Amino acid sequence: MESLMKAETNTQVPPKGRRGRTGSSLGNRLKEQKLLFLLMLPAFVVTLLFSYVPMFGLYMAFTNYSPGGGPFFSQFFTTEFVGFEWFHYFFTSGDFYRVMRNTLAQSFLSLLFGFPMPILLALMINEVRNGWFKRTFQTVSYMPHFISWVIAANIIITVLSSGGVLNGILTGLGIVDEPVQFMQKGPLFWWIIAIANTWKDMGFNAIMYLAAISAINPELYEVAKVDGASRLKQMLHITLPSIRPTVIILAILAIGGILNAGFDQQYLLQNNTVLEYSEVIDTYTYKYGLQNGMFSYGAAVGLFKSAVAFILVLSVNTLAKKMKEQSLF
Numbered sequence: 001m002e003s004l005m006k007a008e009t010n011t012q013v014p015p016k017g018r019r020g021r022t023g024s025s026l027g028n029r030l031k032e033q034k035l036l037f038l039l040m041l042p043a044f045v046v047t048l049l050f051s052y053v054p055m056f057g058l059y060m061a062f063t064n065y066s067p068g069g070g071p072f073f074s075q076f077f078t079t080e081f082v083g084f085e086w087f088h089y090f091f092t093s094g095d096f097y098r099v100m101r102n103t104l105a106q107s108f109l110s111l112l113f114g115f116p117m118p119i120l121l122a123l124m125i126n127e128v129r130n131g132w133f134k135r136t137f138q139t140v141s142y143m144p145h146f147i148s149w150v151i152a153a154n155i156i157i158t159v160l161s162s163g164g165v166l167n168g169i170l171t172g173l174g175i176v177d178e179p180v181q182f183m184q185k186g187p188l189f190w191w192i193i194a195i196a197n198t199w200k201d202m203g204f205n206a207i208m209y210l211a212a213i214s215a216i217n218p219e220l221y222e223v224a225k226v227d228g229a230s231r232l233k234q235m236l237h238i239t240l241p242s243i244r245p246t247v248i249i250l251a252i253l254a255i256g257g258i259l260n261a262g263f264d265q266q267y268l269l270q271n272n273t274v275l276e277y278s279e280v281i282d283t284y285t286y287k288y289g290l291q292n293g294m295f296s297y298g299a300a301v302g303l304f305k306s307a308v309a310f311i312l313v314l315s316v317n318t319l320a321k322k323m324k325e326q327s328l329f
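For the sequence shown, the UniProt record's numbering gives the first residue as 1, with consecutive numbering after it.
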């Protein structure tokens with residue numbers, strides 16, 4: 001009896017304000033955290049309006065929609081339903097292989113060059129000890145990202161032209177006898193796009209890795225110095241393992257967007273000579289969907305690209321989970 005009384009005395013009763021917190025309803029949570037939900041409201045509205053409401057337009061991919069003079073919604077939902085006919089038309093057309101080949105080739109090369117370069121750049125910037133030089137180098141590396149692709153494309157075309165800087169260097173060193181027509185050679189277009197994407201976004205993408213590096217505990221480096229580790233060993237055994245979760249998350253997103261080869265750079269740099277190698281899904285969708293007025297066909301091709309990206313993200317994320325690595329969800 002005495003032990004039972006002691007047990008009852010020692011039993012801790014949760015404070016009144018916290019009682020039932022874990023089992024509280026949504027209404028109670030809204031009432032208790034109304035300011036936090038109010039802060040989320042603008043982002044929720046924007047996401048709803050621009051990401052979810054337009055999804056009703058996906059229905060167009062399964063119809064034979066053609067704009068007319070009547071009200072949009074009545075015409076949109078009463079148009080002929082054709083099911084997967086547009087998807088079948090895309091898969092069996094002669095354009096499917098060409099467009100997919102170009103998209104995958106350009107995306108793979110862009111990923112091959114563009115993914116590791118920001119990591120290397122962030123490591124290089126982190127190792128710079130001169131504060132003025134470090135800030136200047138960071139600013140210069142970010143600048144290409146803020147240049148419009150219209151300007152960037154003109155810079156690339158000028159540099160690669162027959163009288164451009166690159167041909168001047170090649171002919172001056174005697175590597176080639178005549179200027180190389182870079183923009184007229186189809187197989188070179190994939191490499192030009194990959195290098196252009198890397199040059200333009202490398203500095204900006206390095207910001208995320210620099211942020212991850214700045215979160216590393218400085219004491220780890222101090223201990224490594226005491227143990228006699230060089231700066232290279234500190235980079236290999238402290239910096240890189242510490243930013244590994246960030247690298248994996250960005251790798252999952254990059255692989256999920258493998259079909260997002262781009263639109264601006266391809267559309268601005270392509271010409272009729274290299275069209276066989278420059279046409280990707282985004283430019284193909286634009287030309288057929290908008291310029292040719294095949295809205296349902298363009299919607300079907302765009303939906304196919306989105307579905308593949310969704311499957312890739314799920315697959316790579318599941319693989320990362322099985323490997324006990326960082327994952328998105």
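Among the clues, some could well be false.
With a Cα cut of at most 25 angstroms, we get these calculated PhoX-like pairs of lysine-lysine [as the list claims (entries may be wrong)]:
(1) 134 / 31
(2) 233 / 134
(3) 185 / 134
(4) 185 / 200
(5) 185 / 287
To be clear, the hints were calculated from the coordinates, so they are not data collected in a lab. Fair warning: this is a prediction, and the values are worked out from it, not measured in the lab.
message: Against the 25 angstroms threshold, does the CA-CA distance of residue 185 and residue 200 hold or violate the hint?
response: holds, 22 angstroms
message: Would the hint linking residue 185 and residue 134 be met if the CA-CA limit is 25 angstroms?
response: Violated. Residue 185 to residue 134 sits at ~39 angstroms, over the 25 angstroms cutoff.
query: Is residue 233 within 25 angstroms of residue 134, Cα to Cα?
result: Holds - the C-alpha atoms of residue 134 and residue 233 are around 21 angstroms apart, at most 25 angstroms.
25 angstroms Cα cutoff - pair residue 134, residue 31: The hint is violated at about 48 angstroms.
query: Would the pair residue 185 and residue 287 pass a check requiring their Cα atoms to be no farther apart than 25 angstroms?
result: Within the cut-off at roughly 22 angstroms; holds.
Hints 1, 3, counting from the list given before, are not met by this structure.
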